[in-house]
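> Sequences are here, hints too, so could you generate the full structure?
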Amino acid sequence: MTEGFDWLFLLEISLAGIGTGGLYALTALAFVMIYKATRVVNLAIGEMLMISAYLFFAFAATMELPVWAAVLGAVLGSGLLGAVVERTMIRPMLGEAPISVFMVTVGLASILVGVVELVWTADPRRLPEFMPSDPIMVGEAFLAPKVFYGFLVASALIAGVLLVFRFWRGGVALRATASDQAAAYSMGINVPRVFSLAWVAAAMIAAVAGIVVGAIGGISSTMGVFGLSVLVVVIFGGLDSVLGALVGGLVIGLVEALAGAYLGGEFKLLATFTLLVLILMVRPYGLFGTHEIERL
Numbered sequence: 001m002t003e004g005f006d007w008l009f010l011l012e013i014s015l016a017g018i019g020t021g022g023l024y025a026l027t028a029l030a031f032v033m034i035y036k037a038t039r040v041v042n043l044a045i046g047e048m049l050m051i052s053a054y055l056f057f058a059f060a061a062t063m064e065l066p067v068w069a070a071v072l073g074a075v076l077g078s079g080l081l082g083a084v085v086e087r088t089m090i091r092p093m094l095g096e097a098p099i100s101v102f103m104v105t106v107g108l109a110s111i112l113v114g115v116v117e118l119v120w121t122a123d124p125r126r127l128p129e130f131m132p133s134d135p136i137m138v139g140e141a142f143l144a145p146k147v148f149y150g151f152l153v154a155s156a157l158i159a160g161v162l163l164v165f166r167f168w169r170g171g172v173a174l175r176a177t178a179s180d181q182a183a184a185y186s187m188g189i190n191v192p193r194v195f196s197l198a199w200v201a202a203a204m205i206a207a208v209a210g211i212v213v214g215a216i217g218g219i220s221s222t223m224g225v226f227g228l229s230v231l232v233v234v235i236f237g238g239l240d241s242v243l244g245a246l247v248g249g250l251v252i253g254l255v256e257a258l259a260g261a262y263l264g265g266e267f268k269l270l271a272t273f274t275l276l277v278l279i280l281m282v283r284p285y286g287l288f289g290t291h292e293i294e295r296l
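The sequence shown: position 109 = 109 (our numbering), numbered continuously.
Bear in mind the hints are in silico, worked out from the structure with no lab data behind them. Built from N, CA and C at the ideal position, the CB exists for glycine as well. Possibly wrong hints are sitting among the right ones.
[Stated by the list, open to error] If you anchor each label on the Cβ, the simulated ranges turn out as follows: (1) V277 x R169: 40 to 46 angstroms; (2) W7 x E96: 50 to 56 angstroms; (3) V172 x V67: 29 to 35 angstroms.
Put into structure tokens, the structure is as follows:
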């Protein structure tokens with residue numbers, strides 16, 4: 001029965017899906033970091049990723065800086081953006097209804113798209129080539145080098161972030177605030193500063209993801225659509241679960257790749273949202289989410 005089935009094609013598609021899933025997981029980690037610390041559902045995560053890719057483009061292509069300097073500039077610029085957004089748009093909304101803060105992030109997404117189209121127009125652009133282009137073979141299966149190296153970058157950064165926030169003092173404060181804000185206050189933790197830390201760290205993580213995503217598929221003002229898949233990932237895994245973000249990213253990346261290859265590209269979102277609905281019917285708070293989450 002399976003004599004005519006192309007197992008090599010399945011393996012190549014699966015590897016590509018897992019590679020994309022690594023970038024979903026990385027961006028979802030940024031999303032979860034903000035939610036755990038501040039209880040803000042940041043719908044602008046895709047647009048923050050997009051603005052980072054354009055910052056890299058400005059430094060690397062327009063100003064012709066070395067790649068390492070362009071990456072550093074984009075990451076620091078994104079961190080500054082995260083700090084400004086938290087201080088001017090999010091902190092004044094503390095204590096307001098969750099839907100109000102949610103709508104602020106929707107507005108932020110529109111503002112970032114407007115800034116990109118105003119400065120760089122809506123035309124798609126290519127980032128300068130900075131990744132190795134030698135073919136990557138896994139056994140007999142071919143894997144696009146950019147996807148392979150993007151997955152390595154995502155995996156290394158995820159591991160680094162988890163280690164830093166496990167042992168670094170600021171990471172401990174962030175985890176304490178995420179667990180119980182009142183208890184964190186009573187222990188002398190500066191909670192507003194932790195909120196800023198969460199937004200800055202998340203923006204910097206999203207910056208790396210944006211540069212890699214842009215290197216793979218180019219950049220445009222519609223890059224924020226990537227955030228829609230990330231939103232599916234975090235709801236699938238659980239809004240407040242780091243493990244859920246990592247597992248969800250890989251699963252959604254794999255499902256999208258298989259659906260696109262065997263059903264057609266127009267079925268990718270349909271397949272992921274169908275999977276999301278099925279999971280939520282069984283586990284309303286996501287695979288690893290806690291039951292205290294307030295739904296919008």
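> All the hints need checking, so say for each whether the structure fits it.
So, going through the hints one by one against the coordinates:
1. Judged by the Cβ atoms, the range 40 to 46 angstroms given for V277 and R169 holds: they are separated by roughly 41 angstroms.
2. Take W7 and E96: their Cβ atoms lie about 54 angstroms apart, and the range 50 to 56 angstroms holds.
3. Our hint of 29 to 35 angstroms for V172 and V67 holds, since their Cβ atoms are close to 34 angstroms apart.
When the structure is compared with the earlier hints, no violation turns up for any of them.
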